[in-house]
Every structure is written in C-alpha cells, then in structure tokens.
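Undergrad: Line order of the protein sequences matches chains A and B.
Following our numbering, the numbering of the first sequence begins with 758 at its first residue and continues without gaps.
Following our numbering, the numbering of the second sequence begins with 1152 at its first residue and continues without gaps.
Please keep in mind that the hints were generated in silico from the structure rather than gathered at the bench.
Computed from a predicted model, the values in this text were never measured in an experiment.
Some hints could be false.
Claimed, not checked - Listed next, the stretches of chain B that the computed footprint assigns to chain A, with coverage defined by at least 3 CB atoms under 8 Å from CB atoms of chain A:
hint	stretch
1	1177-1189
2	1254-1260
3	1263-1273
4	1279-1293
5	1343-1356
Virtual Cβ for every residue (Gly too), placed ideally from N, Cα, C.
Now for the letters of each chain:
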Amino acid sequence: MTARERADARVGRVMLAPALVALGALAAWPGLWVLWLSLQRRIPVFGIEHFVGPSHYAFLATDPRFWNAMEVTLIFTFVSVALEFLLGLTVALALQRQRRGRRLAVALLLLPWALPSVVTGRTFEWLYHPSAGLLNFLLGGAAINWLGEPGLALPALIIADVWRTMPFVALLCYARVLTIPPEIYEAARVDGAGAIATVRDVTLPLLQRVLLIALLFRSLDALRAFDLMFVLTGGGPANTTETLTVYAYRSLFQTLQLGFGSAIGVVVFVLVMAVAWGYLRVMARAEEATA
Amino acid sequence: MKARATLRDVLVLAALALWALPFFWQALTSLKPDTALSAVERLLAAPPTLDHYRAVIGKSVMPAALANSLGVAALTTLLALLLGAPGAYALARLPVPGKRVLLLVVVACTAFPQVTIVGPLFVLMRALELRDTWLALVLADTSFALPLVLWLVAGFVREVPVAVEEAAQIDGAGRLSALGRVVLPLIAPGLASAGLLVFLMSWNELLFAYTFTATEASRTVPVALALFPGVYEVPWGDIAAASMLASLPPIVIVAGMQRWLVRGLTAGALRD
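The task is simple: from the sequences and hints, build the whole structure.
TA: Quick look at the structure:
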C-alpha cells in the first residue's frame, strides 16, 4: 500500500464515520435492541419488566390474530403488487409511443405517488363514503359501506394503495423503455414481428431487470404498509384489514406491550428480509441466464 | 396517420387524468360549502367557496403542523445530505476496509421496517427527553433518509469519470480540493434529486410522527390530517382543504422539479 493509498483510506474513514455512527445509533442499534425487547415482558404503565425468553414467539405461533394478520399482509402485498405490475406496465407501454404531452403525463403519474399517504387515505375515505361518496354515486346510487363491510374493506384498501403506487412501477418501466434504441424496433419490424410479438420478444425481456427491481421495492413497501390502514380502517372491521405492521403497532402503543409488540416487529423484519433475499436470488439467476 | 397519433396522445393523457381523478375530486370538495356535501349532485351544483380554507387556516392546528412539517423535512434533508454525501463519496471512491459489507448494510437499512425499530426509538426518545420535539422526528426520519442518500449519491459519484478527478489532482489540487471544485459541482444535480426524495419521504411520514409527537409543538401535517377533529360529524370539506394544504409541497415538487425527482426515483433501479 502506497503512502497515497494510506492517506486515501484515512480520508475515507473520516468521511464515512459520521454516517456510520448515525446509522449505527438510529438503525442498527434499535434493530438489535428490538430483539432483546422481544424477549421481555415489558408493560411500562404497570412497571412490569422482566425477561421471559422466547415465550412471545411461542405465543405468536398459536395466536389466531397473528396468523390472520399474516394472511392479510400477504394477500394485501400479493394483490396490490400484482395489480400495480399489470397496470404500471400497461401505462409504460402506452407512454412509449406518446409524442406530445410527455411532461404532463409524467406529472399526472407523479402526483398520486408524491402525495402524503394520509392525504390518499382521507381522499379515498371520502370517495368511499356510503351516502355522499363519488364511488357509490357512479355505481348508480348504491349504498355500499366499503370500509365497514368485512369482505370489502381489504379490496377498498388495495385499490387506494394501487392508486398511489402504480405510478412508481409505470415510471420505472417508462424510464427504461426510453433507453431502448429505436434500431431494435426497426430490426423487429423488418423481421416481420407484429405489435404483440414485439412487446413480448423485444420490450419485455429488456424490462425484466427493472421490473424485478420495481417489484422488489413495491413488495417490501407493501409488506410494511401501515398508513392507509391507520387512516381508513384502523385494522377493522373485525380485524379484516389488520396487517402485521398494524398488529405490531397496536400492541406497542395501544395496549402498551413493548415486549410483545417488539416480537411482532421482529417477525415483520424477518419476513421483509426473506422476501428481499428471494427477489435477489431470482435476479441473480436471471442475470446469469442472460449473461 | 398524424391525426390518429394525436388522438392516441390525447386519449392516453385523458386516461392518466382520470386516474388522478380522486385527487381532483378532493380539490373540488375543498371548494364546496358544507350544506352541499350530503350528496354528489348537490356538490356538483353548489357555487365554490373558500370557507373551508378560512376555517382550516384560522381555526385548526394545520398552520402549526405545516410549519412543523416544513422544519422537520428540511432539517432531515439537510442532516441526511451532510452526513450522507461525504460517506457516499468514500464508499464510491476511497479504499475503505469492508466496503462490500458496508454497502450491503446500507441496502438492508433501506428495507428496515419502521415498525420494527419504533419501539426501541420510543424508549430512546423518552430517555433523552426528546418526545414532542422536532429533533426526535429529524433523528427518527434520518434512520431511513440516510441509507437512501448514501446509496443514491454513491451511484452518482461513480458516474463521475475518475479521469476528471485525477486531472484536477494533477493540476496541483489535493483530493479534498478536487472534491470541492470538480466532483461536487458534477454531483450537485444528484444531491438535489436525493434531497427531494428525502424531503418528500419526511414530509409524508406518519408512523414515527404519530408516535413521537403529542402536541402542536411538533405535530406534523400527516398526523394533524389523520387526527383532524370533528365535533358532531366528520368535517369533510375542512378535511379536503387540509388535504390540499398538505399536498402543496409535493405538488410544487412534481410540477417544478419533475426532472430531478424522476432522476432520483429511477437512479437506483436503472443502474447496472
């Protein structure tokens, strides 16, 4: 190692140190401490605080409310992400041939994505209003209680989530589509490929990587979803929209069980990491296949 | 042929405008009097009024919440950039030991569920007596803002050709002065992109803000809007007006800084 490299390494450590200290204090350390908290029975209002080992996890294994929350989380994630994928891809392909008004189109897409999720929640709460809401009016004066019916609340939440996050998938795909050289399409046309064949054999393979990344981001976000449930349903009716995050939050700050809520938080973390790992495996394999 | 293409362009735009309809409906609602909000036909027919904006600005916590959100989001952005940009440069360009592991940790941090760390952070904020202060929110938001800045900006630094930096150093400038005079101006748009994303995320954040705030001293816009009070019935018009105020910064960013926002949004995903 030359003197120059040693000096660079020293500068590098100094430049990186503040960020690492902050990340350590605000993310890594809470991430480890939550494990410790999850092994305790801790109810601060009653001054209860003692070590109970993995008993919270043992309880969760047979807790019907936990498994319901797991199911709600997985359904919400799978359906939302699938719809975002389909609609986002469609929008990106439609925009690919857009000649005028591209800036306006991107602005219209960005708007739902950039709004605070609480605004989205409040907006859909009003759209879903049983007697004065726009949705029931458009359905010809129906009196459906979208957020109050156990079978309808989760679909209603999914629609609101798809509304605000489909644009993310669309924009990522659109940005990738713009970088495809026109010559490739010219070649496909010369080869006699039709519109559908071109999309299937030319565009989609080139979008594979960005689609996987968009899906990864969206899946992780959906697994952690909280805001829309908090505003629209609070987890109800009858816990039909209670995701793991909502269950964890209610345990932590409504029933004030710091240890038990932490255990659910740890499960959310493990779930998120497992899904991320799965996606990364798929991406690595896809890249091997194309290389 | 040309007419057909134009028609197609218009139809796509119309479809996207229809997609954004829920927002426009909320905007329209914010301008209609309470008496007209009991049915859609009456809402459409009623003359516009600014009553709801007057009520929200004059009699609700929204003005205080807007100030809190602006302060928290601006300070979070500043802190994340100040801590993150030098670190990102080091990760991208300097021989830091354990770099691969560090990058992996940074990526993992961006996937950290907020609900997982909110418990420990709550204990921490209480111990430091930071509850109901801006600082608590700035620190909590930094937990997701900083990894994002590190990740995005490291990518932007890698786009600067090494030769450019070396040329400046050969001209007699040290690494740090080359950094300030050559690299910084080149990554400035990237810093703006990362900053905009972080600002939006902090502006929109609910879970931490709901947990760590208690009063008007620190309550942010999403919390104020989520808890918007009604005496006898839900004040839909006031809520709609408050929604519009809460949406102002995102709208300004989307309308005026679209290019940078999209660049930040797509940077992580399109880079190989």
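Undergrad: Checking C-beta pairs, does the stretch 1343-1356 of chain B have three or more residues closer than 8 Å to chain A?
TA: With 3 residues close enough to chain A, the hint holds.
Undergrad: Please verify the coverage claim for the stretch 1254-1260 of chain B: does it have three or more residues whose C-beta sits within 8 Å of some C-beta in chain A?
TA: holds (count 4)
Undergrad: Counting residues of the stretch 1263-1273 of chain B that have a beta-carbon nearer than 8 Å to any beta-carbon of chain A, does the count reach 3?
TA: Our answer is that it holds, as 11 residues pass the Cβ test (under 8 Å) against chain A, meeting three.
Undergrad: If you count the residues of the stretch 1177-1189 of chain B with a beta-carbon closer than 8 Å to a beta-carbon of chain A, do you get 3 or more?
TA: Per the Cβ count (4), the hint holds.
Undergrad: Quick one: see if chain A covers the stretch 1279-1293 of chain B, three-plus residues with Cβ-Cβ under 8 Å.
TA: Check passed, 3 qualifying residues.
Consistency note: the structure conflicts with none of the earlier hints.
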